[in-house]
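Undergrad: So you can see what is in the structure, the chains are spelled out below.
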Amino acid sequence: MTAESLSASYTVEFPFERTVGPTIGAFLGGLRDGQLYGVRTERGALCPPLEFEPGTGAETGELVPVADTGTVTSWTWVRARLGDPVPHDFAWALIAIDGTIGALFHAVDVGGDSGRMATGMRVRARWRAERVGQLSDIECFEVAP
Amino acid sequence: MRDVAVVAFAQSPCQAANRRDDMAGILLPVIREAVDAAGIGRDEIDFVASGSHDFYEGRTFSYIDSLDAVGAWPPISESHVESDAAWALAEAWSWLQLGEGDIALVYGIGRGSLPADLDQVMPAQLDPYFLAPLAPHRDAIAGLQAHAAIGAGLTSEQGMAEVVSRCLASALDNPHAQRSERVDVARLLDAPYVSSPLREHDVAPIGDAAAVVVLAADDAARRLAERPAWLRGVDHRMDTHYPGVRDLTESLSTRRAASRAAEFAGFLPSDVDVAELHTEYSHQEAILAAALGLNGAELNASGGPLAGRPVTATGLIRIGEAARRIFDGRADRALAHATNGQALQQNLVCLLEGEG
Numbered sequence: 001m002t003a004e005s006l007s008a009s010y011t012v013e014f015p016f017e018r019t020v021g022p023t024i025g026a027f028l029g030g031l032r033d034g035q036l037y038g039v040r041t042e043r044g045a046l047c048p049p050l051e052f053e054p055g056t057g058a059e060t061g062e063l064v065p066v067a068d069t070g071t072v073t074s075w076t077w078v079r080a081r082l083g084d085p086v087p088h089d090f091a092w093a094l095i096a097i098d099g100t101i102g103a104l105f106h107a108v109d110v111g112g113d114s115g116r117m118a119t120g121m122r123v124r125a126r127w128r129a130e131r132v133g134q135l136s137d138i139e140c141f142e143v144a145p
Numbered sequence: 001m002r003d004v005a006v007v008a009f010a011q012s013p014c015q016a017a018n019r020r021d022d023m024a025g026i027l028l029p030v031i032r033e034a035v036d037a038a039g040i041g042r043d044e045i046d047f048v049a050s051g052s053h054d055f056y057e058g059r060t061f062s063y064i065d066s067l068d069a070v071g072a073w074p075p076i077s078e079s080h081v082e083s084d085a086a087w088a089l090a091e092a093w094s095w096l097q098l099g100e101g102d103i104a105l106v107y108g109i110g111r112g113s114l115p116a117d118l119d120q121v122m123p124a125q126l127d128p129y130f131l132a133p134l135a136p137h138r139d140a141i142a143g144l145q146a147h148a149a150i151g152a153g154l155t156s157e158q159g160m161a162e163v164v165s166r167c168l169a170s171a172l173d174n175p176h177a178q179r180s181e182r183v184d185v186a187r188l189l190d191a192p193y194v195s196s197p198l199r200e201h202d203v204a205p206i207g208d209a210a211a212v213v214v215l216a217a218d219d220a221a222r223r224l225a226e227r228p229a230w231l232r233g234v235d236h237r238m239d240t241h242y243p244g245v246r247d248l249t250e251s252l253s254t255r256r257a258a259s260r261a262a263e264f265a266g267f268l269p270s271d272v273d274v275a276e277l278h279t280e281y282s283h284q285e286a287i288l289a290a291a292l293g294l295n296g297a298e299l300n301a302s303g304g305p306l307a308g309r310p311v312t313a314t315g316l317i318r319i320g321e322a323a324r325r326i327f328d329g330r331a332d333r334a335l336a337h338a339t340n341g342q343a344l345q346q347n348l349v350c351l352l353e354g355e356g
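Chains A and W are the protein sequences, given in the same order.
For the first sequence, our numbering begins at 1 and goes up steadily by one.
For the second sequence, our numbering begins at 1 and goes up steadily by one.
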């Protein structure tokens, strides 16, 4: 018997094309255009939009344009890895987009200084110049002046 | 309703990585031990159910390998869930309720050590539109939950370290634990963050192990165990997937599952002597204890997941550990909780009871 372990390289991927539907599709299309959308629910505009109201399961309504600024409601500080949206250490955060209910999960760049992160801080989206219709069209959020 | 009980439980030691055995090799001795403890032959098992996640192995139907340890010829009645094996136990419980058979074997086998980088693997459990494309760090969503739990006054970094210190000390008596030690809270708090406010010890250590539970109904249960651990109530519920649209500081699905399980059982989580909670992170103990309304129960006396988290076997081990305390008379009533998904998205609650 040998102590050697065999190993093989493997790339984790999601090799499917799928139709994202009218709600998420329009949201992703909005990202490509540099515009965030929420979806109407009985409680207000939900961002990011879901096809169903999470509390009741009721179908949600039409999409409405919303601001690209918001407030951090929770955050966690992490080390930057290759391929992350920010090249230095940063926070993953939940961001309550202004005028909406719910919170958007994204990265917040404070220049690598965790001391600048706080619940309740104001942030705004930093958009990429080249956008393709996915979440990474927002590079990250940054401190709003 | 038929009375269904856990009549035997076995598990392999939790290892950070088992490079010696394949899936069937890890599982086979554990099945033998559980079947021997129940004193049955394999041909007496009417139904087999298992749980595993393909994404740790990076291939579909990865659990098929484990069937070599079950023995599937001549053909057996068999099912599988892509989930923690506690959900396979819920399926086996339902199957026994149908009255097609009397004895079921449930197993969970996980090899979380296989991926070289869990940060590449864990986003595979997230939705492919809003979360997976951002590829969050493996513990990031739990980090948000811990931060929110501290903000809500449910716990603190000190309180989380106290949970870890208590669990690792309890695990000294558990020969299957992956981690166990006496460690000062102050020393734990000196460690760096991995995803603030989580430190490495706040994260249950992922690894490799298998667990097996034998269930039996009515007279079969009385025949196979001296003191069966009767599953008086079993229920599971889920919260919305996206972490931004639910309150991360309370687990509504746990509360709902517990309430439904209590309706079946005729007693409440506040009545149990011991509780085994599937805490993938130390801060989740406070969230779960609040959602369940526990009242003085001994928590994770085995050390719990913070002492060893073999993927997809960890929830089933909670049920086995709770049952073990009923087998040996240390408890009359016990609660077992299992979770699946990120930040306590899906939750299962079992209420168990011994007689006499």
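Bear in mind the hints are in silico, worked out from the structure with no lab data behind them.
Where is the CB? At the ideal position from N, CA and C, for every residue including glycine.
Take these hints with a grain of salt, some might be off.
Between beta-carbon pairs, the in silico distance windows are [as the list claims (entries may be wrong)]: (1) A/Gly83 with W/Pro74: 25 to 35 Å; (2) W/Ala132 with A/Thr69: 24 to 34 Å; (3) A/Ala58 with W/Pro128: 22 to 32 Å; (4) W/Gly71 with A/Glu62: 25 to 35 Å; (5) A/Arg81 with W/Thr60: 21 to 31 Å; (6) A/Ala80 with W/Thr60: 46 to 56 Å; (7) A/Gly120 with W/Ala132: 56 to 66 Å; (8) A/Glu62 with W/Arg19: 53 to 63 Å; (9) A/Leu6 with W/Glu82: 48 to 58 Å; (10) W/Pro128 with A/Ala8: 40 to 50 Å; (11) A/Glu62 with W/Pro74: 50 to 60 Å; (12) A/Leu6 with W/Pro29: 14 to 24 Å; (13) W/Glu82 with A/Gly29: 12 to 22 Å.
Far from chain A, some chain W residues (derived; all Cβ distances over 12 Å) [unchecked claim]: (14) Leu28; (15) Ile40; (16) Glu57; (17) Asp65; (18) Leu67; (19) Pro74; (20) Ser79; (21) Ser94; (22) Leu144; (23) Arg182; (24) Tyr193; (25) Arg223; (26) Thr249; (27) Glu263; (28) Arg330.
Undergrad: Against this structure, judge whether each hint is valid.
TA: How the hints compare with the structure:
Remark: the range hint 25 to 35 Å for A/Gly83 to W/Pro74 is contradicted by a beta-carbon distance near 50 Å. The beta-carbon spacing between W/Ala132 and A/Thr69, approximately 25 Å, falls within the hinted interval of 24 to 34 Å. For the pair A/Ala58 and W/Pro128, the beta carbons lie near 24 Å from each other, so the given range of 22 to 32 Å is met. Judged by the Cβ atoms, the range 25 to 35 Å given for W/Gly71 and A/Glu62 is violated: they are separated by roughly 57 Å.
Hint check: A/Arg81 to W/Thr60, Cβ distance near 27 Å, so the stated range 21 to 31 Å holds. Our hint of 46 to 56 Å for A/Ala80 and W/Thr60 is violated, since their Cβ atoms are close to 33 Å apart. Checked against the given bound of 56 to 66 Å, the beta carbons of A/Gly120 and W/Ala132, roughly 28 Å apart, lie outside it. In this structure, A/Glu62 and W/Arg19 meet the distance hint of 53 to 63 Å, their C-beta atoms being roughly 55 Å apart.
Take A/Leu6 and W/Glu82: their Cβ atoms lie about 26 Å apart, and the range 48 to 58 Å is violated. Our hint of 40 to 50 Å for W/Pro128 and A/Ala8 is violated, since their Cβ atoms are close to 25 Å apart. The given range of 50 to 60 Å is respected by A/Glu62 and W/Pro74, whose C-beta atoms sit roughly 58 Å from each other. One distance hint, 14 to 24 Å for the beta-carbon pair A/Leu6 and W/Pro29, holds here, with the actual separation near 22 Å.
At about 32 Å, the CB distance of W/Glu82 to A/Gly29 disagrees with the hint of 12 to 22 Å. At the 12 Å boundary, the C-beta of W/Leu28 stays outside the reach of chain A, the nearest C-beta of that chain being 18 Å off. Under the 12 Å C-beta cut-off, the non-interface status given to W/Ile40 relative to chain A holds; the minimum distance is some 33 Å. The beta carbon of W/Glu57 sits about 9 Å from the closest Cβ of chain A, which is not more than 12 Å, so the claim that it is off the interface is violated.
For W/Asp65, the requirement that its beta carbon stay farther than 12 Å from each beta carbon of chain A is met, with the minimum near 15 Å. The claim that W/Leu67 lies off the interface holds: its Cβ sits roughly 22 Å from the closest Cβ of chain A, which is beyond the 12 Å cut-off. Consistency note on W/Pro74: stated as away from chain A, and its beta-carbon is indeed over 12 Å from all of that chain's, at 33 Å minimum. Here W/Ser79 stays apart from chain A, with its beta-carbon at least about 26 Å from theirs, past the 12 Å limit.
No Cβ of chain A comes within 12 Å of the Cβ of W/Ser94; the nearest lies about 24 Å off, and the non-interface call holds. Annotated as non-interface, W/Leu144 brings its C-beta within 12 Å of a C-beta of chain A; the closest such distance is 5 Å. Non-interface status of W/Arg182 relative to chain A is upheld: no Cβ of that chain comes within 12 Å, the nearest being about 29 Å off. With a closest Cβ-Cβ approach of about 6 Å to chain A, W/Tyr193 is found to fall inside the 12 Å limit, against its non-interface label.
Against the 12 Å criterion, W/Arg223 stays outside the reach of chain A, whose nearest CB is about 42 Å from its own CB. Non-interface call for W/Thr249 relative to chain A: violated, since the shortest CB-CB distance, roughly 9 Å, does not exceed 12 Å. No Cβ of chain A approaches the Cβ of W/Glu263 within 12 Å, the least distance being about 22 Å, so the stated non-interface status holds. Non-interface status of W/Arg330 relative to chain A is upheld: no Cβ of that chain comes within 12 Å, the nearest being about 38 Å off.
Against the hints set out earlier in the document, violations occur for numbers 1, 4, 6, 7, 9, 10, 13, 16, 22, 24, 26.
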